[in-house]
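Using the sequences provided together with the hints, build the complete structure.
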Amino acid sequence: MITIELNGKEQRLKAGSSVSNLFSIVGCDDKNVAIVVNEKIIRPENRSILLLEEGDRVEILVFAGGG
Amino acid sequence: MSLLKIGSYTFVSRLILGTGKFSSSTVMLDAIKASGTQLVTVALRRFNREQMEDDLFGPLSTLKGITLMPNTSGASTAAEAIRAAHIARELSGSPFIKVEIHPNPQHLMPDPIETYEASRILAKEGFLVMPYIAADPVLAKRLEDIGCASVMPLGSAIGSGQGLGSADMISIIIRESRIPVIIDAGLRSPSEAAAAMEMGCEAVLVNSAVAVAGDPQEMASAFAGAVDAGRKAFRAGLMQKSGYAVATSPLTLFLGTPS
Chain A
1 MITIELNGKE QRLKAGSSVS NLFSIVGCDD KNVAIVVNEK IIRPENRSIL
51 LLEEGDRVEI LVFAGGG
Chain B
1 MSLLKIGSYT FVSRLILGTG KFSSSTVMLD AIKASGTQLV TVALRRFNRE
51 QMEDDLFGPL STLKGITLMP NTSGASTAAE AIRAAHIARE LSGSPFIKVE
101 IHPNPQHLMP DPIETYEASR ILAKEGFLVM PYIAADPVLA KRLEDIGCAS
151 VMPLGSAIGS GQGLGSADMI SIIIRESRIP VIIDAGLRSP SEAAAAMEMG
201 CEAVLVNSAV AVAGDPQEMA SAFAGAVDAG RKAFRAGLMQ KSGYAVATSP
251 LTLFLGTPS
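If you read the sequences in order, they're chains A and B. Quick note: the first sequence uses my numbering, first residue 1, plus one each step. Quick note: the second sequence uses my numbering, first residue 1, plus one each step.
Read the hints as simulated data drawn from the structure, not as lab findings. Please note that a few of the clues may not be correct.
Claimed, not checked - Now the stretches of chain B that chain A is said to cover, found in silico as 3 or more residues with beta-carbon under 8 Å:
id : stretch
1  : 43-49
2  : 81-88
What the hints assert, rightly or not - Computed list of lysine to any residue pairs in SDA-like fashion (alpha-carbon distance at most 20 Å, straight line):
id : chain 1 : residue 1 : chain 2 : residue 2
3  : A       : Lys31     : B       : Ser61
4  : A       : Lys40     : A       : Leu50
5  : A       : Lys31     : B       : Glu90
6  : A       : Lys40     : B       : Glu125
7  : A       : Lys9      : B       : Gln51
8  : A       : Lys31     : B       : Pro95
9  : A       : Lys31     : B       : Ser177
10 : A       : Lys40     : B       : Ser92
11 : A       : Lys40     : B       : Gln51
12 : B       : Lys141    : B       : Ser177
Quick caveat, the model's predicted, so the values are computed rather than measured. Using N, Cα and C, we set each Cβ at its ideal position, and we do this for glycine too.
Next comes the structure, spelled out in structure tokens:
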């Protein structure tokens, strides 16, 4: 197991998990979110390739209401 | 009909609608439809499974003819705003970015230095930069010079409903600008939107006034009408003001001869 920081909170994951594996864990649609790992934007085509590592900081972002 | 031109984009509607503060996404969608707007603002936030209703990408994508203008709200420095802009573009596919950098939550006044710096870099990167600024003619000109697509001076503080408190300075900005001047923030009533358009603003951005109205859909429609009326009045040319009365009826003296 590894521990990452997901949207500011600790999250335990199986070692070898990819960014795409996060979607089922958090329950979001992979099409409508932006993913940032360690301040780098991860494009959709790379999400199943990129494996997460211990201590990675991951942000899953969506559009919300704003003026 | 005159179109609103921002960069290479053209819009029939001159009303830009914010999507914050609506009671539900259904109410928001109804208001957007009633407003006829083609450009709406959105903000970035962390995904939260408990607040799925707040995720607007799905609901907004059901509307045809809408372009998204993400904002950088939450950023208090140029670096944060630039990072938000990059993420937002990834999500929206839109080149529009509303640069909004306000470090103080009490007054939400935009930081002119950080706004200038973020706008300069984002304009160079090809974004259509729409900076939210105080009504400062010097800053507005500097932002035009570095390639911003428009300037968006505030009418008054965000969400305050205090109207066009900065009208005198906005008039100067309009006179001096070669890029669209769009009033952003502070408007409360459609008459204020009409007044802004009569002054020569190219568009207005409204959020709270519609979102927290008793009937957001009806208010959206009212703003749309006011923006159209104000634009028409501007194009028609307002009469000159006079310090004295100027008679509209003939003052011929057939009713009596003064002695």
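Check: Of the numbered hints stated previously, which ones are contradicted by the structure, given in increasing order?
Finding: 9, 11
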